[in-house]
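Chains A and B, in that order, give the protein sequences. Numbering follows our numbering, with no gaps: position 190 of the first sequence is 190. When you read off a place in the second sequence, starting at 1, and then add 1000, the result is the number in our numbering.
In short, the hints are calculated from the structure, not lab data. Computed from a predicted structure; not experimentally measured. Even for Gly, the Cβ is constructed at its ideal location relative to N, Cα and C. Heads up, some of the hints might be wrong.
Per the computed footprint, the stretches of chain B lying under chain A, defined by three or more beta-carbons under 8 angstroms from a beta-carbon of chain A, are [stated by the list, open to error]:
1) 1043–1053
2) 1110–1123
To give an idea of the interface, some chain A residues facing chain B are shown, with a C-beta separation under 8 angstroms as derived from the structure [to be verified]:
3) K141
4) P143
5) L145
6) A146
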Amino acid sequence: MAANGLKRIAIEPVTRVEGHGKVSILIDDEGHVQQARLHIVEFRGFERFVQGRPYWEVPVLVQRLCGICPVSHHLAAAKAMDGIVGVDQLTPTAEKMRRLMHYGQTLQSHALHFFHLVSPDLLFGFDADPAIRNVIGVAKKFPDLAVQGVMLRKYGQEVIKATAGKKIHGTGAIPGGINKNLTIEERDAFLKDMDQMMEWSKGALKIAKDYTAEHLDDLKDFGSFDSNHLSLIREDGCMDLYHGNLRAIDAEGNKIFDQVDYNNYLDYIAEEVRSWSYMKFPFIKSIGHEDGWYRVGPLARVNTAEFIDTPLADEALKEFKALTDGKPNNITMAYHWARMIEMLHATEKIQILLNDPDLQSDDLVVTGERREEAVGLIEAPRGTLFHHYKVDENDQVVMANLIVSTTNNNEPMNRAVKKVAEDYLDGQEITEGLLNHIEVAIRAYDPCLSCATHAMGRMPLVVTLKDMHGNELDRKIKD
Amino acid sequence: MLLIGFGNPGRRDDGLGPALAEAVEKMNLPNLTVDADYQLNVEDAAVIAEHDVVVFADADAVGPEPYSFAAVTPKATLSFSSHSVEPEAVMALAYELFKADTQGYILGIRGYEFDQFDETLTDKAAGNLAAAIEFFVNLLRKSSFSEAATGAGTAELH
């Protein structure tokens, strides 16, 4: 119940299944925002689902967690299962095939996010009529751009299909390696379209960069705040989306910890439970839950990285860092620029890998001595993804703990929503402008509705305003 | 013709769409391309544009039993998340970007349980699936899509 004298505004995409998000804003009688919360119903029951299953099934099972990033779960689980089978180093072919899969996933996910979720906001403005501010609006006014988004996404999906197998039952990564290599025919088909993908990736980066530069005054404060940043990082400080050690920095760029073996993540990261949210709030132990929360994902990764090992993305990183004189960039809307730097990096990596003859080798799997416990981490498109398992002597999983990217970003997303609500709430009415701006802030993170099922019956966005007694004062429905 | 079954087989009846796709694919029916995925997405527009007819098979949480069959009207949508693209939006993209003249239909199979991690269908949903498969196969045989698109879970073609 709302505190005395306060009203609660709820912005709720009503679905009949869990996996939806809801925003509630608590205001006092003067209309000032006292509290804003983003509620995302985290998947529940997965631990029970996986318990008792043989460990080699896990990389396939975990794809059921998310219909949008099954590959990230597939790879994080496979990395953990490498540990379970006692493998610390894959064959070159296995690692490169997995990396190709991962960069394909990054490319398609980032392309989808930028071209089809965010570009309507950037091209038409946050306050544009929703009837125009959508992907069809983009298709009508900027058809070439919309086609590029579709075809980049399709290319990434084809890379995944060639490396992981079927969309629903991807089986490519297995404990200790990979189950197939890349044929010459597959390689040549991808190479044929590579130049086009590279040009489109460069073009998308330019759009994101130019937009940020041209609107910097408006964007600097939009849903923004100082934060810590966390990601995997290579031993030499290079961005690495597939593997590395953990690095955390503060808002000024000071290292909180660095080169931490992710198998020891529990020594550095803890999760706070709050009564109002199913989703936990991770934080850096040494700082504590009040100030130890952090951001993950593209913005965090470009902030923690010292350089990128592909030339075009590295040049873009230098430009990005120059904006803040080498200090971490804490502008929420800069996620989009960072995301396009990573998309270009993924495209460059795919090109390099396609020209690597190791992908045609048959040396696919290695074995080791069985272990009882292992952790797998990967930089999923939306951020750092933790998978942790224990397996008994009968090869059955007895414990699973996952921290998904959206959970890592839980506190920052709440802060972004509160900041926008404070800045755009006008009186005691839920205006179209407020709704639009909250959605824009949430889209910067693109929270993973990881347990979202997909079925007919989904309802539009519903907005309600309630008083302290639970009476509904206002209700808006947004198609 | 293209059949796209979508949904999450790990969430009980949400897997009705992929289950129908899997069953139909095993029949090796002529002139039919079968695809399955967790979600619809924008790239499906390019594939849809290559076909005369597309049928989206999806679980339906609220529709009539055992299934419904209706034409899809293209519609522009904007979500706060990239995790959901509706058939109407994919069709709109296919028309707009690829100048498709594809006819779109949705076969909604009634499901009941979506909130548990489990790879099995409920008994009632499994029964609805069997009826939907029979309907779809008859539909292909008669090629009378528009006549069948009543929007209700009727069985004219049984």
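A/A146 as an interface hint toward chain B, with CB separation required under 8 angstroms: Holds, about 6 angstroms.
Within 8 angstroms of chain A's CB atoms, at least three CB atoms from the region 1043–1053 of chain B: coverage verdict: holds (count 3)
Status of the hint placing A/L145 at chain B (closest C-beta pair under 8 angstroms): With Cβ-Cβ at 10 angstroms, over 8 angstroms, it is violated.
Chain A over the region 1110–1123 of chain B, status - at least 3 residues with CB closer than 8 angstroms: holds (count 7)
Cut-off 8 angstroms, beta-carbon criterion: hint that A/P143 touches chain B: A/P143 check passes; min Cβ-Cβ to chain B is 6 angstroms, inside 8 angstroms.
Agreement of hint A/K141 with chain B interface, Cβ distance less than 8 angstroms: With a closest approach of 11 angstroms, the A/K141 hint is violated.
Consistency with the previously given hints fails for numbers 3 and 5, ordered from lowest to highest.
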